[in-house]
Every structure is written in C-alpha cells, then in structure tokens.
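So the sequences go chain by chain: A and B. Everything in the first sequence is counted per the working numbering, starting at 1 for the first residue and increasing by one. Everything in the second sequence is counted per the working numbering, starting at 1001 for the first residue and increasing by one.
Worth flagging that the hints you see were computed from the coordinates, not collected in a lab. Note that the coordinates shown come from a computational prediction; the quantities given were computed from them, not determined experimentally.
Calculated Cβ distances over 12 angstroms to all of chain B for the following chain A residues:
| # | residue |
| --- | --- |
| 1 | Asn-45 |
| 2 | Pro-158 |
| 3 | Lys-186 |
| 4 | Gln-222 |
| 5 | Gly-243 |
Stretches of chain B that chain A covers, calculated by requiring three or more beta carbons in the stretch to come under 8 angstroms of a beta carbon on chain A:
| # | segment |
| --- | --- |
| 6 | 1097 to 1110 |
| 7 | 1297 to 1309 |
The C-beta atom is built at its ideal place from N, Cα and C for all residues, glycine as well.
2 protein chains.
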Amino acid sequence: MRFRHLTPSSRIRITPYSELIDAQGATSFTSYNNTLLATSFKSVNEVYWHLRRHVQLWDVSCEKQVEIVGVDAARLVQLMTPRDLSRAEVGQCLYVPLVDDSGGLINDPIVLKLAEDRFWLSISDSDVLLWAKGLAIGFSLDVLVFEPDVCPLAVQGPKAETLMALLFGDGVSELKHFQFSFFEFKGYPLLIARSGWRKQGGFEIYLDNIELAGILWESLWQCGEPLEVQAGCPNLIERIEGGLLSYGSDFNNRDNPLECRFEKYCDIDNVSTFIGRESLIKQRDVGITRRLMGVSFSGDPCLPLEKRLGVFDGSFPIGYVTSAVWSPSLKNNIGFVMINKSHWDIGTDVKIEVAGGREEGCIKDPPFLVPPL
Amino acid sequence: MRFRHLTPSSRIRITPYSELIDAQGATSFTSYNNTLLATSFKSVNEVYWHLRRHVQLWDVSCEKQVEIVGVDAARLVQLMTPRDLSRAEVGQCLYVPLVDDSGGLINDPIVLKLAEDRFWLSISDSDVLLWAKGLAIGFSLDVLVFEPDVCPLAVQGPKAETLMALLFGDGVSELKHFQFSFFEFKGYPLLIARSGWRKQGGFEIYLDNIELAGILWESLWQCGEPLEVQAGCPNLIERIEGGLLSYGSDFNNRDNPLECRFEKYCDIDNVSTFIGRESLIKQRDVGITRRLMGVSFSGDPCLPLEKRLGVFDGSFPIGYVTSAVWSPSLKNNIGFVMINKSHWDIGTDVKIEVAGGREEGCIKDPPFLVPPL
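Can you build the whole structure from these sequences, using the hints too?
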C-alpha cells in the first residue's frame, strides 16, 4: 500500500478534539466535509477488538449539521427525501436518503427533529447546505438554512451506556434507539442521541458549545477509566461487518435509492411532493438493473480500497466492489458490490479483480455479522 | 509539524494521472472536491525554483466541472454571481465569485463559456453542482446541470508556451490570457485554455476523454524533456507570492466579496438579477468592517498552516491569518490576513500569534512578487 501524507491546510478544519485525538496516537486521517477525521490509531485490529468489548470516544466533528428552521422547514425537508416524514416526532432521529431530480443520491443524513419547525440534518460527505439553500431560494420558502457550530462526539461500544449514565445520570438509559433528548452538563444543556455510525449501540453528543469540548472529553475519560475507555474512530471493519454503507464510497449521485436497497425509506406513493419522484417511479416501474449487495472473497487480507475493484464473470464485467476489508471475526474479506441483475442473487459466484490477480467472490446479504446486543 | 497519513478510501477519487504522479515522487496530498491532489514532491523549495524557471505538469483533475446547458443556462449562471456576464464571449474564461443570498462566498470558479447556452464552471472546493441544481429546480429553469468527466491537466511555468506549441502547434501561442480554444490531439479535439492557478502564465488542458490521459502525459513529457519538464502541483509559495486566494483557506461562505476585495467582479448596480444583491448593496452602503489583505511577518520559516493564526494589537484581537508560507525569494514569511478596519491600512504593524510566541507583522497589498512575464 502506498503511504501518502495529508498536507496541513486551513481548508481542512481541525476540530476542538484534534489535539486530544493526536495525543491518543491517531496516525491516519481523512478529510470529511472539509474536516479532519481520524481513521486509525496504532493497530487497526486492536482498536477493532477493543470497540467490540469496551467503550470508545470518537471525534466525529466532521458530521456537520445543516439547520433548517422556519414556517416552511418541514416542507423543505420533505422536498428533499422520498422518506415519509409526516409522522416524525420531536426528539426523533431518522435516517433519510436525499435524492436529486433524477433520483440520484445526494447524501444520507440523520435528521434530528428539534421542533415542528426546526431540523438538523447531520450529514455525510457532501454540501447539503448548498442544496438546501438553493432549493429554499428557488422555491421562495420561508426558512433559514445555515450550518451551526456543532461538533458531535460519539461514545460507542458495549459499555457506552454505562459510561454515559455515570456522567449524565440514568436518564440516558431511557433513550430509545434513534431518540435524542437534552442532558445537563456543567449547567449547559447538551443534545444527546442514542445513535452512531455502527451497529452495537452507542451515543452521540451534539456539542454546540465548543468551549466545553475539553472538559467534556476529560470528564468522559475519567468516568471511563474503569471501563477501559479509549479514543477511537468510525471503524471500517465494524461498519462493513455491520452492513453500514458510506456515502461517497459505496454510493453517490449516480446511484438511486432502489439500487442501494433503501426501499424502506422510499415512500414513493405516499409522499407526493419530493424532488425526483417521477424519476424514482419510472425506475421502479421499469425495474432496476443493478443492486448494492454484500460480497465475500478469498485472498490475502484486503487493505482499505483506494479505488473500486472490478467484478467479473469470466472476462465479462458485471459490477464493482465499492468498499472492502478483512474481517478478523469472519476470517474473510468482505465488502459491498454494485452488481448487475444477472448476478445479484445471494450465493452467486463472481471473480474479483485485485492487484495480484483474481479472487473467488460470493454475493452476500449484509449485515455480515450481527452484534450480540 | 505533525505528520498525518491520508487514509486510502474510494470516497476520495484517484485520477487518471495518479499513478504517473506517484511515479514522479509525490509525497503529500490533499482531498479537493473529493479528489486526490498532490501538494508536494520531494523538496518544496526545489520544486518552487523549478516552476519559476522551467515547465511543470500538474494533475488538477480535482478542478471539477459543473456543466450548465440549455435555454436558461446564461440566466442561471448570472443568478449565481454579481459579475456582469452579459458581454461574455464564447471562448472566454472568467473568474466568477459565486455568492449566496446573504452575500457569502460559495465558490470562485473559472467560468468557460462554451456556447451561448452552455457553460462549464471549473470549481474550487465546494459542491457547486448541488447549489446550481437546487436553484435550477426551485426556479423551474430549463437547463441541465451535471458533472461531466473532465480531468484538467495544467502545463505551467515560463516554458509552458514553448512546450505546448511543440505538441499542439503554434496556434496555442495565439491564445490570449483567459481564452480557450480546441486543438486536435490524436484525432480528438481538446479544450485548451491559457490559464492556471498561478501568475506566470500557463495552460490548462480540459481532458474529457480519459482514455487519452496516459498518452497525453507521455507526449508532453517527451516534448518537454529538452525543456527540463517535471511533475508539479499548485505551489503554495508561488500562489501566495502572486496574491492568489484559495477558497476554503482564505475565504468561505462567512465572507463576502467586498471583504475579499473582489469589487472588480461585483457589478452590483448593473446586474439586477443575482442572488444576494440586496445583502451586498446593504454591505456596501453600511461599509465593510474587515478586509482580506496581505501580511508579512518575522520569525522562523513558516510551515503550511493547519489553522488560522490570531492577529493582535497588544492583547486585542484584530483579525486572523488565513494562509502563510516562507518566501524563498523575499526571505520573509508572507500570507493573507482578514483584518479589522482599524488596522487594514497598508504598512500597519500587527502582532501574529505563532506556536512559539508572537511575531512582528506588517499589512501589505498583494501580490508580494510580480513575475517577470
């Protein structure tokens, strides 16, 4: 694997936690929403096993918020997605694929409904701010659209609930999955959600008072010491095992939600107002010709992909692998594959083109591993 | 300076030139429009002096194009900018600041007018595609907005014209600054502009036939051997010396074009239709309170900034440095500073907060160095 240095630049924002993350030995980073995101600490494997057993703090400040507030806020949010939000409740988090006029995926934020007329879109890696603003202006909607200064900190792993309860009281335990509420910290209300970019349960603290970042981290660290707390980051192995897709890697605006198996977030018939509806109806009626599935494949442990891998039936290209990793639990390479209809059935054998030649692959239905919780 | 590895990820696109750039010893990279951009090769100083004397090939595939085509194309482009485009001609390149409804800067692309109803916006680092699409949909404009597969290759340095003429014929020499035309290469028409993110003159080849990338690079390399051609990249030293701003580093959507001294691109009175006009008129009438200026400062050679540096008058904060670098030509640290009105006059002394303490700074009027051409 080729090593590249990431050039320091004020264009890629450091976060209120960057120094703390550095001190914990983060070695490798990415730029996500033009913000630094650590991606590994020392040994990837050690961090993976630690995450499955204990509790970690993740600096996910790169999950930027797009705030939409005003009389037409709910209308604008619904314009952007085929998911029916009419019954969404204040205090709820919702996974919401956003599509453009041709049905292409623009982002897949978690929407936090803060009030009937106020939402945060906790975004993946594209400028939803510009999309939402462009629509608001074009449609003359009565809303404000802006990026508040929020730096989420994730507390993840099987002991996350224990740690959170130590610091914020037993109330946090009552939060259901994908619910949020406010909890006091040093006299200041913090928005805390039971959520996180993983499958084993955890919390995200949407810190909007950056002054508190250091003391929040320190307090979590102290409470977490008996629980063997460590610094961590969204874990590639664990996310692929858990079947979690990553915008930009696994799908982008050239893919639609039907191809990405987001049917359960596509209330195409009930929601009459969203942009891209006509395109998605056409796609559904004509039928899609490829689908994002799981794949396992043989060979040496796979390193993080720098580009997509070709998938073949003999010499015939039938798709591409979007992300892949070696699973220490399954002792196999696993990943996601955008695969043609002819080969998308579970159990189909395919060939994967890797640097050294071709490996034997098999189409799977993620998640690859269901956590014990 | 802390070294960070850039994590390989299919979310950050490699380019048709990445392997060639790697082979030439690129060491440090950034993610720009979710695309790999090399930022240094071996010694930064050597590359700098080479650029000032010879000719370099830069992989600037990260300069993505947003194509806007259709009956309402000119109307949409004009909606996005205060610059008067009514007299723009086909074949012209124009530097065009884009602003949002509050006058905040969204991007500063080079607009290429391909036809009366067809434009490319060659963008800096933000998703103009989403902004343009959102507006087009909201205003029901009769346009297509999409990202064509174009990978610009820059040929830069004082010998660029000689090299380009060797490969494409003397016709390229007739291109005026910020003009483009089509030149045949292997039977295929290539869009070539006299432009580039630097001040010493050069060309950009907007390659839209990716299959030709390897042979194009190879041909330029062979023709360039007697001219001492090397691989290079947008050069931080040279861009700051030349007074060129970088979106995301030096300004962003919290800054407006008056603060950034883009007055000559702001035909606020003549252009009645652009978004943000009311805000900019208000800003102009009330008067701005800070401005993006140059600054020189004492101390050890400055490394690329990871975050903005505070600027002070005694203990009183009066601004911040957005980018800075050691100039080997001027033997001084130079950079850009967003500075309050009280201190924005050229020649004003200020204090710059650096890691080791405070340095003596002086407000300047860029460019710092005017190239001999």
